Structure formats: C-alpha cells, structure tokens
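Starting from the structure of chain A, add chain B where the hints point.
Protein chains: 2
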Amino acid sequence: MNISRHHPRYLSLSVRERLTEALSVGIVVPQGLIAHGRGEAFDYLLGEKTSLSASKAMSVAAALLLTSNHPVISVNGNTVALVGADVVRLATLIGSPIEINLFHRSIRRERVLASYLRRLGARDVLGTTKKAQVTVSGIASLRRRVDVRGIGSADTVLIPLEDGDRAEALKRARKKVIAIDLNPLSRTSQVASVTIVDNVVRAIPALIRVVNRMHSMSRIELLRITRNFDNHKNIRRTLREMIEYLKGWQTN
Amino acid sequence: MNISRHHPRYLSLSVRERLTEALSVGIVVPQGLIAHGRGEAFDYLLGEKTSLSASKAMSVAAALLLTSNHPVISVNGNTVALVGADVVRLATLIGSPIEINLFHRSIRRERVLASYLRRLGARDVLGTTKKAQVTVSGIASLRRRVDVRGIGSADTVLIPLEDGDRAEALKRARKKVIAIDLNPLSRTSQVASVTIVDNVVRAIPALIRVVNRMHSMSRIELLRITRNFDNHKNIRRTLREMIEYLKGWQTN
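Same order as they appear, the protein sequences are chains A and B.
Residue 177 in my numbering is what sits at position 177 of the first sequence, and the numbering runs on without skipping anything.
Residue 186 in my numbering is what sits at position 186 of the second sequence, and the numbering runs on without skipping anything.
With the rest of the complex left out, here is chain A:
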C-alpha cells in the first residue's frame, strides 16, 4: 500500500508498514504487531511527543550507561525492526554488546536478527549461540537463557520493549534496568530502575544525543545525576501528563 505523505497519520502509518515488512521477513512475529499497537495508543495519550518526564529519564539513563562497567543492550524483533540502525549506533557509542533475547524464540529468527544487525554495522551481537549460556532465575520462558559475556555479567541492561517477567528477573539479579516502554502502568515500567516512557522510535535517537552531550562530563557529575532520581515519582509525572491530555479532550 502506498501512503500519501499528506495523510495526517503518515508517520505512524509508515512505521506500521515497516513492521509489516519485518513480519514478512521473519524479524517480527504477529504478537509483536499487537504489542506495537498497544504502544501506539499510549503514545497517542502523550500527544505523540517526548514528554518532559521522558527527557528527564533519558538523562539519567545516559548517565547510568556511561558510568556502568558492563552495559548491555537487549533487543527483540520489534526493536530491531523499528530502530535497528540507531541501536547499533548507541552500542558503538557506549561500547556495549547487543544481545538478542526473544519472547517468541527460534534459532532461525535469532539468526535473521543477528545478520540484519551485523549488516547495519554491529560488531558484538550475542544471544544466538547455545554456548556460553547462563540462566536468569524466575523467568518461565526461554528468555531466561542469556549470554555469560552479555546480560549474564552485565551491571546495567537497557531493555526497550520488554516483558514484565524478564524485567523483574533482571532486577532481582541485581542489575540496573533501563526500560523504554510507552505504558507507564506496565510491570516493566514499574520495576525498572529508570523508565523512559516514550516511543522507541524517538527515544533511542534522543538517547544517542544525550550520551554524546554527556561524553565530556566527569564521572562524579554523571553519578550525581543517577543518584538524584526517583523513578516512581517520574512515572507519576508522566501519568499526570496523560491525565492532562485526556482532560483537554474532555472539554472539546
């Protein structure tokens, strides 16, 4: 289908087209499309723009990534389809591996994702081999198996578009968890150390800009940013923004 650039919903329609294509080549699964739709609805309640509270969370996330000893970016099919190139850029910038970790796991899909990421320039892609696997306890699905060189030994894990079970398990394993999730009420959002309630399409490029800006800051300054942050308070701020949006409609 050809979408006119003049269509009021051009951007979200073209993102949908990208996911549909990713479905046809096996990067995304049908359930991923449903999850994307859920995100779209919450994004709508944010006016489809990065909120002040999300910007705040991004600063903290960037500082945390830059002060971690071993940060890892965990990706699923939707993340790779939507912002694969930006994830590779961010990983290069912070010197972290990218680990593929799928809810609907298959060796074929892992390989499709890994080769796509490598074509985009990724050097360190983990999660596709049965060697070097360790187990994160408390996860019912195959997602519990992680790479000992990646999530297994990470102190900070960036998890865009995650499921709640795994977010909780990573937190229990005493890792710092940075979540990107448009639903501020999700378990992932609630348990993460830093929750960025924003569309991943805007959040990853924005995170790259913040990391670039912070590269010259001292470790002490960065640590100060991470310490003066209350994630639940920040999420409540997002909820207030959504409430204001709905209230604005109420008077229409």
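One should not assume that every hint holds.
Which copy? The list can't say, so a pair holds if one copy fits it or any two copies do.
[Unchecked claim] Computed cross-link-like contacts, DSS-like style, restricted to lysine-lysine with a CA-CA straight-line distance of at most 30 Å:
| hint | residue 1 | residue 2 |
| --- | --- | --- |
| 1 | Lys49 | Lys247 |
| 2 | Lys233 | Lys171 |
| 3 | Lys247 | Lys171 |
| 4 | Lys56 | Lys247 |
Treat the hints as calculated values from the structure; they're not laboratory data.
Please read all numbers here as calculations on a predicted model, not as lab measurements.
Coordinates of chain B only, in the frame set by chain A:
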C-alpha cells in the same frame, strides 16, 4: 504456544492467539493486529470491563437497531475473527444483512470472510460481488464501494472497529452510525451517532442481550430511548472513567 489458564493475562493472551491464527488463514491482515493492540491499551484504561457509559450507549444502539427500517452490520477482518459467531446471531435477531467492507481489500480475503460467516450460519452476506455496487462519496480507499442492497440503502449502520474516514462518509450520507471503538478520542468515536466505547468481544454479546430484552418494548418507547441521548456527553463520561483509572494508579 500454549497459554496456562492460570496466567493473569489468560483472556487477552487467548484473544491474541485467535487473531494470530486468523492472520495465518487470511481473515486478518498484519495492520489488523496493530489496531487490536491499540484497542487493548484503551481497554486497559477501562479496567477491561464494560463501563456504565458503554452500557448506556448499548441501550441506545439496540433501540436504534430495532426502530430502523434497514439496519446493516458492516464487518472487517478483526470483527469476524473476534466475534464472527456473535455478529451472525445479532444479524439474525435484528433481521439485517452483514456486509463485508475491508480497508485492505482483496477478492480472496472477502471470499474467505464470507464463507467463514456462512459456515457460522449467516444467510445474508454482502460485499463480495462487484455487481450492485454504489459509491459512498468522500472515502479515499476502495471501502467507498458498498452494496446497494446493504450499506447503500441502509438507514443505520453498525460499524465495529472502523476507520474514521468511512465513519465520517457514512454520517455525511445521512446514515445513523453506531460505532464500537475502544478509543473514545478517535474520529470514528467522535462522528458516530452512538459510540460504544467497549471491547467488541464484550460489546456484541452484550448488545444481543439488550436487543433480546427490548424486543417486547413498543416502538414509541424505543424511539424515546434514542432521542434522549447525547453521544458527546456520554463519551466525556467515558473519558472521566479513564481519568479516574489513571488517577488511581498515580497514588499507587
């Protein structure tokens, strides 16, 4: 994938499985899965139950269907996949045809949907033949073509899970439009004569119950119900309910 009945999200997970199966047999298109996800998010903000304002809208919708000369139920892939059997039941009850009208139109898909509906017991399925087509003006997509025996001559059209363009065009064509849409802010919700903000999985069975209950009411009583209704006021009531839900979370 086998979902445990004890999973806290069993119901929504099994609905997702049903849609994924419908995708594989060509009843649903990938974009339909994304649309379903959007609905899920709004349903979440309603606590996944039928609100008082939705019940109110259902009563008015039932009265409108029972007092119309030529009501038609318009269906797309998602509606057929999710509540096909209930749509057939409702159509029989109010003596209306079912017209297939797809955003992502193909002759093959129309035929798959029609034969599925007929297997479920539908007698009058329209929208699959090029004969008897008329055009509803103001719609960019192929959805503008409708059956002269169906939507073309209908005074009331029930449109579960509709796009805004067509809802507006039907309204301009001076038809009464009953929408079932979980997004109270959508154009469909805003332009409809009666908007039921509810999950179609709950709304169609509930509508059947209300129609059954009203069958013995006089035409005058039914007309009174349809006249004393302010759709925008009722939508604002739904918005208030969503705001209350979000506020409840804010204090958690």
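Now the hints, each set against the structure:
no.	hint	result
1	Lys49 to Lys247	both (17 Å within a copy, 21 Å between copies)
2	Lys233 to Lys171	within (19 Å within a copy, 45 Å between copies)
3	Lys247 to Lys171	between (35 Å within a copy, 26 Å between copies)
4	Lys56 to Lys247	both (24 Å within a copy, 21 Å between copies)
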